[in-house]
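Participant: Sequence:
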Amino acid sequence: MPKEKVIFIVGPTATGKSEAAFCLARKIKGEIISCDSMQVYRGMPIISNQPPAVLLKKAPHHLLSVISPQKEYNVSQYRQDALKKIKLILKKKKTPVFTGGTGLYMSILVDGIFEIKAQNQALRKKLYQQAQKYGSDFLHDKLKRVDPAASAKIHPHDTRRIVRALEVFKLTGKPISILQQQRKGLADEYDVRIFCLNLARAKLYQRIGQRTEKMFKQGLLKEAAKLLKLKLSKTSSAAIGLKELKGYFDGRCGLAEAKAQIIRNTCLYSKRQLTWFRKDKRIRWINIKENDTPKKIGERLWKKLS
RNA sequence: GCCGAGGUAGCUCAGUGGUAGAGCGCGGCCCUGAAAAGGCCGGCGUGGGGGGUCCGAUUCCCUCCCUCGGCA
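Using my numbering, you'd call the opening residue of the first sequence number 633 and step up by one each time.
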């Protein structure tokens with residue numbers, strides 16, 4: 633029996649993934665699952681650039697607007713949510729079509745993550761305090777003693793990963809470098825196809841600028857103001873646009889400057905996304921041109937599936 | 001026209017008589033429970049033009065050009 637297909641359409645932001653995924657899903661009786669760390673949040677459709685309402689109406693979309701922006705969310709939780717959706721969709725004899733730009737989410741789905749629950753906010757907080765007091769190198773030395781492999785891999789300044797590695801070790805008594813080898817993902821079970829949409833760099837940046845303008849026209853300011861009144865979680869508050877507009881609302885910079893910052897930070901983000909995707913050799917690249925319509929891109933994807 | 005300040009990286013600017021740095025940008029990379037986050041690497045340059053002093057000038061002197069502020 634042939635393996636069931638699970639499709640991923642990834643790529644840097646502003647390449648038209650949502651539309652292309654929609655067109656493909658239509659052709660193959662697929663249902664779309666978001667692979668995006670921000671679109672899971674409610675109340676931020678503009679800032680997180682969710683697919684337009686027209687598309688949402690015409691095809692089933694999953695994992696959009698499912699979490700309160702006041703709540704934390706993470707890869708592991710995403711993975712569990714996504715796995716449930718896959719089963720649900722396959723049961724209906726339909727094909728899951730993931731689309732989004734969060735490289736880690738994709739990779740954790742495709743390749744897996746270690747299942748042991750090892751997270752403790754209090755411990756984490758304590759470790760961060762230590763990092764601040766004695767420096768990240770201090771914690772890095774500590775890690776070196778319990779998990780030399782991890783410490784060799786993590787840069788002494790990368791506080792996040794050092795803290796995480798120590799947290800896991802303290803909670804489980806096992807080195808994270810060992811646990812990380814225990815992973816089983818979709819690739820072991822399904823016929824996973826990954827496509828990455830891409831544009832010439834200059835065009836990509838140009839589109840990001842255009843899209844940012846569009847977001848403002850759609851009511852970004854209003855949405856951001858509303859969000860900023862809430863006590864946002866660490867995760868949701870990291871959305872590009874929020875910190876920049878907060879500066880504007882607080883009178884620390886003008887609107888034009890805030891907008892320029894949003895565009896710049898989005899371009900930087902898109903570059904990091906590309907780095908992530910480039911290293912995954914399973915990805916099939918779809919180079920798109922300025923005037924390619926979503927329908928045309930959807931067709932190209934469809935042809936590459938068979 | 002006169003007086004003052006200044007012309008150094010894509011931008012904002014620092015510095016030095018022994019051919020130049022920082023932040024941002026730009027490019028590349030890493031990534032296993034915050035990932036739109038976090039971290040690492042790379043200087044990408046006819047030092048406004050010309051002349052002079054000097055072993056040696058981006059640095060000192062002269063001159064021209066340009067920009068900004070003040071006075072006319």
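Rather than coming from a laboratory, the hints here were simulated on the basis of the structure.
Any given hint could be a false lead.
[Claimed, not checked] Simulated pairs of lysine-lysine, BS3-like, Cα-Cα distance not exceeding 27 Å: (1) 935 to 723; (2) 716 to 749; (3) 846 to 661; (4) 725 to 816; (5) 774 to 725; (6) 723 to 635; (7) 835 to 661; (8) 846 to 716; (9) 816 to 806; (10) 816 to 802; (11) 921 to 835.
Participant: Hints the structure violates: just list their numbers, smallest first.
Facilitator: 3, 5, 7 and 8
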